[in-house]
Amino acid sequence: SAMSDFHIHPQNAVVEEGGVARFQCQIHGLPEPVILWHKNSMPVNTDNERYTLLPKGVLQITGLRAEDSGIFHCVATNIANVKFSREARLTVSGSHSTVYKDPMILVGPENLTLTVHQTAVLECIATGNPRPIVSWSRLDGRPIGVEGIQVLGTGNLMISDLTVQHSGIYVCAANKPGTRVRRTAQGSLVVQAPAEFVQHPQSISRPVGTTAIFTCVAQGEPPPQITWLRNGQILETSDHIKLKNNNSTLSIYGINQADEAIYQCLAENSAGSTQASARLTVLWADGLPSPPQSVRAETVSATTIQVSWEKPLQNTKEIIGYVLHIRKAADPVEMEYQEAVSKSTFQQLVTDLEPSTSYSFYIKAYTSRGASKASEVTVVSTLGEVPAMPSLFIKVINSTTVQATWEPSIKLGQHEGFKLYYRKVHLSQYTGPVLLASNITAYNITHLDASVVYEVKLLAYNQHGDGNSTVRFVSLRETVERTVLNPPCDCMKDEQNNKTSTTGIIIGIHIGVTCIIFCILFLMFGYRGRLLMCKNVQEQLSTPQIPRSQRSATGLVLNGATRRDRDDRDLNGKQLDMNELERLFPASPSQEQQEKGITSAHSLSAPHDETQISTLPLDEFSIIEEQPDPLPKNPHASSPAASAPNHSSANEG
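The sequence shown begins at 1 in UniProt numbering and counts up one residue at a time.
Take the hints with a grain of salt, since some may be wrong.
As the list claims (entries may be wrong) - Listed below are the simulated DSS-like cross-link pairs for lysine-lysine, each with C-alpha atoms no more than 25 Å apart in a straight line:
no., residue 1, residue 2
1, LYS457, LYS419
2, LYS328, LYS244
3, LYS101, LYS176
4, LYS242, LYS328
5, LYS373, LYS328
6, LYS242, LYS373
7, LYS424, LYS395
8, LYS83, LYS56
9, LYS56, LYS39
10, LYS424, LYS457
11, LYS343, LYS395
12, LYS373, LYS343
13, LYS311, LYS395
14, LYS343, LYS311
15, LYS242, LYS317
16, LYS39, LYS83
17, LYS395, LYS419
18, LYS317, LYS343
To be verified - Quick list of simulated restraints, FRET-style, between CB atoms:
no., residue 1, residue 2, range
19, ASN246, ASP140, 26 to 32 Å
20, ASP140, SER4, 36 to 42 Å
21, GLU196, SER4, 47 to 53 Å
22, ILE71, LEU139, 37 to 43 Å
23, ASP449, GLU354, 44 to 50 Å
24, THR77, ASN40, 15 to 21 Å
25, GLN233, GLY148, 30 to 36 Å
26, THR211, GLN275, 23 to 29 Å
27, VAL181, GLU87, 34 to 40 Å
28, THR215, SER290, 31 to 37 Å
29, SER308, ASN231, 41 to 47 Å
FYI, nobody ran anything at the bench for these hints, they're computed from the structure. Ideal Cβ positions, reconstructed from N, Cα and C, are used throughout, including at glycine.
Model the full structure from these sequences, guided by the hints.
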């Protein structure tokens, strides 16, 4: 035990009445000394609530009065010694002032680094007139809590039995009462936790040649570092001794007698350290088999190797099986994996390997009491992998040319290019190969015979050989037939036909409109002979009927006629209507109604576009229900525009 000299002594102070005085002294010792304060050589009265003694040797006096003046010093005591600090004089001046003063923080919280279960004191001394209100908060917004929290004096925060969760930045605020005027100061609190084990290493016994694993998991704040020792010496890693998971896992592969030892795990951080140990016992049984013999490995493909061996020379009766140890030659020992086989099996096909890769193999014979030593190691490489089958599509360009296209794909693997072959299906000999670079995705095959079927074959290749090919069959015969059925357009001939057709259509339209008007007139007067008259008119005007299949087309042409054509039709139709009316029906009391009917029929005979039809008022139309007529009626008579095609000329060219 010992104690140093004071390295912080109290200082003289002159403070106004009603203000705050603060003295501090610091000293180190082992064990930690207790610091008490004396005023005028007498212990300070701690019952006075204006006097606050903080750990680490701080004395605060608030609401100063003249009687607080005096000489102060501190006394440090432990079992080794007692020491006294230098003296400091406190002078209280003047009388209590009523002048307003803004809040001000004289001393704010300092940054602290402590360990769990210790006590933290965050100091905050504020002055002002009126005296400010001191409050505390965390900068991250989390609540400070109430358990273990205590306020010392007028604004000091004390947190007992610290945990790691208490770490954070604490803010002291001094507020003028009844206002938002405030001053703040902040300090950080870091709570450390010494290293402690979550999982201790366990002592184990393992047969020679097997793998021993020790696990050591520790926690703390800051996170502890883990170090391994072997019989008290720093453990050196090697090919068969590996550390993983931030040193928390120790693996010893293929153990032998020399690995038998005490292994220690040391966890340490800035807050403390701890250690634990475990023993490895290596079992060696007499009469174990000798190593398997004549281990051989032969490459079968890019992903497969066949391994074979012979049984050991000694102690083979107790063998229950063999274990094949497999590892990429470039990988560390811990990447090794095993495949177990029965005792009567002396070869194993190892699959799912990587192409163009070296692998190492060795065998152990196992009994119920342990394993043999490892056989000799053999190393062999898999074959290189050829590319996969490409996708292939064939498109006929014309009667002598097809286009082969394919999609580049990462599934092909490494490839240097493509080979394209083609042939007539009845021949055995291919044309090709056509060598194409790896970035080419299409090729035109020309000068083909349209009368035969062709076979097209595509494959990708690399330095390891040709991949499997994709085959497609194509016939150009259909293309030739389509060309014959659809000869090239003779534009001059079409032009002449169009002119002839147009002339015939116009003539047919005029004749058809005349017939329509007569039919409507007969319908309106209700005479039974109106269809016969319509027929006679048609015969006189030589208007042959057109097939039903052509009527719709004629109707389309009529609706597409120019406005001038429509106007001409309307005029001719009117003259014909009036002449025939006077000849057939010289006088009639309902002549006015007839004229109305004619006007209505004529206006309807001119085609309207969709918008015009949709805006016609409904009260312009009436539906007249007639008694059934023994003669056949035209079902479209009520709609002249729709019936026009039935009587139009069929002379469309």
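So, going through the hints one by one against the coordinates:
With a CA separation close to 8 Å, the supplied pair LYS457 and LYS419 stays within the 25 Å bound. Distance check on the hinted pair: LYS328 and LYS244 sit about 19 Å apart at the alpha-carbon level, within 25 Å; holds. Our distance criterion of 25 Å between C-alpha atoms is met by LYS101 and LYS176, whose separation comes to about 9 Å. At most 25 Å may separate the alpha-carbon atoms for a hinted pair to count; LYS242 and LYS328 meet this at roughly 17 Å.
Annotation: proposed proximity of LYS373 to LYS328 holds, straight-line Cα distance about 21 Å (limit 25 Å). With a CA separation close to 20 Å, the supplied pair LYS242 and LYS373 stays within the 25 Å bound. A distance of roughly 17 Å separates the Cα atoms of LYS424 and LYS395; the hinted pair therefore holds under the 25 Å criterion. With a C-alpha separation of about 15 Å, the suggested pairing of LYS83 with LYS56 holds against the 25 Å cut-off.
Restraint check for LYS56 and LYS39: satisfied, since their Cα atoms lie roughly 18 Å apart, inside the 25 Å limit. Simply put, LYS424 and LYS457 have alpha-carbon atoms about 12 Å apart, close enough for the 25 Å limit, and the pair holds. Pair hint LYS343 plus LYS395 does not hold up; C-alpha atoms about 59 Å apart against a cutoff of 25 Å. The suggested pairing of LYS373 with LYS343 holds, with an alpha-carbon distance near 16 Å, which does not exceed 25 Å.
Only pairs whose Cα atoms come within 25 Å are accepted, and LYS311 paired with LYS395 is rejected, the gap being roughly 62 Å. The suggested pairing of LYS343 with LYS311 holds, with an alpha-carbon distance near 9 Å, which does not exceed 25 Å. Between LYS242 and LYS317, the direct Cα distance comes to roughly 35 Å. Violation of the 25 Å bound is thereby established for this hinted pair. A hinted pair counts as satisfied when its Cα atoms are at most 25 Å apart, and LYS39 with LYS83 qualifies at roughly 16 Å.
At roughly 18 Å between alpha-carbon atoms, LYS395 and LYS419 fall within 25 Å of each other, so this suggested pair holds. Of the pairs offered as hints, the one joining LYS317 and LYS343 holds, with about 10 Å between alpha carbons and a cut-off of 25 Å not exceeded. Look at ASN246 against ASP140: about 28 Å separates their beta carbons, and that is inside 26 to 32 Å. Checked against the given bound of 36 to 42 Å, the beta carbons of ASP140 and SER4, roughly 37 Å apart, stay inside it.
Our hint of 47 to 53 Å for GLU196 and SER4 is violated, since their Cβ atoms are close to 31 Å apart. For ILE71 paired with LEU139, a C-beta distance near 40 Å keeps the hint of 37 to 43 Å intact. Range check, ASP449 to GLU354: Cβ separation about 47 Å, and the 44 to 50 Å hint holds. About 20 Å separates the C-beta atoms of THR77 and ASN40, a value consistent with the hinted range of 15 to 21 Å.
In this structure the hint that GLN233 and GLY148 lie 30 to 36 Å apart at CB is violated, the actual value being about 44 Å. For the pair THR211 and GLN275, the beta carbons lie near 24 Å from each other, so the given range of 23 to 29 Å is met. The beta-carbon spacing between VAL181 and GLU87, approximately 38 Å, falls within the hinted interval of 34 to 40 Å. Distance hint check: the CB atoms of THR215 and SER290 are about 33 Å apart, consistent with the given range 31 to 37 Å.
At roughly 42 Å, the beta-carbon separation of SER308 and ASN231 lies within the given 41 to 47 Å, and the hint holds.
The structure shown violates the earlier hints numbered 11, 13, 15, 21 and 25.
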